[in-house]
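K.L.:
Residue numbers (the working numbering), protein chains in the order written: chain F, 1053 to 1348; chain V, 1053 to 1348.
Careful: at least some of the hints might be erroneous.
Note that the list lumps identical chains together, so a pair holds whenever it fits in one copy or between two copies.
[Unchecked claim] Okay, derived cross-link-like pairs now, DMTMM-like style, lysine to aspartate or glutamate, Cα gap no bigger than 20 Å in a straight line:
1. Lys1212 to Asp1338
2. Lys1076 to Asp1063
3. Lys1059 to Asp1293
4. Lys1287 to Glu1305
5. Lys1212 to Glu1069
6. Lys1212 to Glu1223
7. Lys1176 to Glu1060
8. Lys1076 to Asp1128
9. Lys1287 to Glu1100
Note that these hints are calculated values from the structure, not bench results. Treat the numbers as computed from the prediction; the structure is a model and nothing was measured.
There are 2 protein chains.
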Amino acid sequence: MPLVIAKEISDARSLCESARPGGKRVAFVPTMGALHEGHLRLVDAARESGGFVAVSIFVNPIQFGPGEDFDRYPRDLDGDASKLRARGVDLVFAPLASAMFPDEARTKVSVSEITQGLCGAFRKGHFDGVATIVTKLFNIIGPCAAVFGRKDYQQLQVVKRLVADLDMPVEVVGVPTVREADGLALSSRNAYLSVEERQRGLSISRGLSSAHALFRSGERSSRALRLAVSELVEKNADGVDYITVADPDSLTECPLSDDVGARALIAVAARFGRTRLIDNTVLGEDAPPIGFGEGR
Amino acid sequence: MPLVIAKEISDARSLCESARPGGKRVAFVPTMGALHEGHLRLVDAARESGGFVAVSIFVNPIQFGPGEDFDRYPRDLDGDASKLRARGVDLVFAPLASAMFPDEARTKVSVSEITQGLCGAFRKGHFDGVATIVTKLFNIIGPCAAVFGRKDYQQLQVVKRLVADLDMPVEVVGVPTVREADGLALSSRNAYLSVEERQRGLSISRGLSSAHALFRSGERSSRALRLAVSELVEKNADGVDYITVADPDSLTECPLSDDVGARALIAVAARFGRTRLIDNTVLGEDAPPIGFGEGR
Chain F
1053 MPLVIAKEIS
1063 DARSLCESAR
1073 PGGKRVAFVP
1083 TMGALHEGHL
1093 RLVDAARESG
1103 GFVAVSIFVN
1113 PIQFGPGEDF
1123 DRYPRDLDGD
1133 ASKLRARGVD
1143 LVFAPLASAM
1153 FPDEARTKVS
1163 VSEITQGLCG
1173 AFRKGHFDGV
1183 ATIVTKLFNI
1193 IGPCAAVFGR
1203 KDYQQLQVVK
1213 RLVADLDMPV
1223 EVVGVPTVRE
1233 ADGLALSSRN
1243 AYLSVEERQR
1253 GLSISRGLSS
1263 AHALFRSGER
1273 SSRALRLAVS
1283 ELVEKNADGV
1293 DYITVADPDS
1303 LTECPLSDDV
1313 GARALIAVAA
1323 RFGRTRLIDN
1333 TVLGEDAPPI
1343 GFGEGR
Chain V
1053 MPLVIAKEIS
1063 DARSLCESAR
1073 PGGKRVAFVP
1083 TMGALHEGHL
1093 RLVDAARESG
1103 GFVAVSIFVN
1113 PIQFGPGEDF
1123 DRYPRDLDGD
1133 ASKLRARGVD
1143 LVFAPLASAM
1153 FPDEARTKVS
1163 VSEITQGLCG
1173 AFRKGHFDGV
1183 ATIVTKLFNI
1193 IGPCAAVFGR
1203 KDYQQLQVVK
1213 RLVADLDMPV
1223 EVVGVPTVRE
1233 ADGLALSSRN
1243 AYLSVEERQR
1253 GLSISRGLSS
1263 AHALFRSGER
1273 SSRALRLAVS
1283 ELVEKNADGV
1293 DYITVADPDS
1303 LTECPLSDDV
1313 GARALIAVAA
1323 RFGRTRLIDN
1333 TVLGEDAPPI
1343 GFGEGR
């Protein structure tokens, strides 16, 4: 079936509805476009989990704060469509902001607590914007399954909470972060980086890999595990929003004086030039970003 | 088909899902139980608009504020089920509060602006509770149409805003208020009234009828139309929360110094003993609560 690009909400809705009666499951990948291999792995996961694959491309204005990069966020609908066509996607939903957020709209979906730490502490209103757009997109597409990357780890947990709390009939699937050969997590924002900034940006994945090596050697001190990351990142970044050790499910911060359990999230947000990069790993669960021993 | 009573979310969901493939539309009436003829008219409207009729009975804790009547709100599941069975309902969904709001839930749906005046000004958080439970119930039941009474006029408008803003694939149907022969709007809370309080409570429907008579005679002054209601209600009530003239769509208050347009909402909330009654009418659209001339 050829790729269909729908700009209208009603078109996207009826295409997904007409896929369903044939017994086809609809699987959905919400994106902001500027697609890279990380997004395409989400598409692959969607194709495995369902028959009809819908991808949205929408740079959601309400999840950007004032002074953030909404205006310069990369946009390339034609290039994105080619990549998705090659990956067997059925529907691209690329609405206008004016259709998604008409002037008269007044409804907000918000998730508390799990949104307070990590990126939520630095991007006020960001997760309200995420929760609201995800709710709208799910109501338009009506998916059985929706696929999100684990690079936006907090976002994935927020969406899981949202779906459970509002009884949405959607299975939320998290897919491992895709990285360059040298460990850099793929991100649409990597396009902003100069060669020199990119080199310094590798400190994050190297730091996370060091923490894995320490954890594997038996280290459980929250402070020591965090230090493995911070000593590399703080030396290389132009600013650090957070380097946090937390429970991977509740996102509750693990005090530096405590030991971590069998699984521990380490999440990082740091700036390189004007570009803010995020990354994370779950010790005791994920593979390290780069092989053991390469971490330093 | 016999009436099924489902207490579990998963049972309600799968019963509604299994109704759909046969091409049946699911129509839904959310209630807090203690059903009266007003609710049953909603059921009748649901039966007209869809094949499979689901009714929820849930006294929603999060739409009651501190000091409100959550604990003493009337509950009668057996009586309600008999009435619904006689009216041809297919499914009653009567969940436990602990299933709808487990301890770990953290998600809220809120609608701004239209929720600020009228009952929203006196019942802080009430419409967040309404918007959240309606979103959850729609996600469980998956209705094509949902039916609400016009007695809770602001609630109906909030639900319409919510459904439009979040792109829910649900038609929202409003049904006229059902009244006793003497004009009293049916309400589960009427059961709280003493004979004497009930008599004084008639001042609301009489006042609204007077406003209709004035409007029909050509009066357009917001102040004069409001006065027709307030002079009766203020004399009879033990307290008045509001008597408001407003635009029937936006719920924006019409200043007393202005004239109203071709349609005007007059909405009232007042207390009789410990019981808070609400009522409303849309001049230029609704029939008067009681015949012309009886209003005084």
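K.L.:
Which earlier hints can't be squared with this structure?
P.N.:
3, 4, 5, 7, 8, 9
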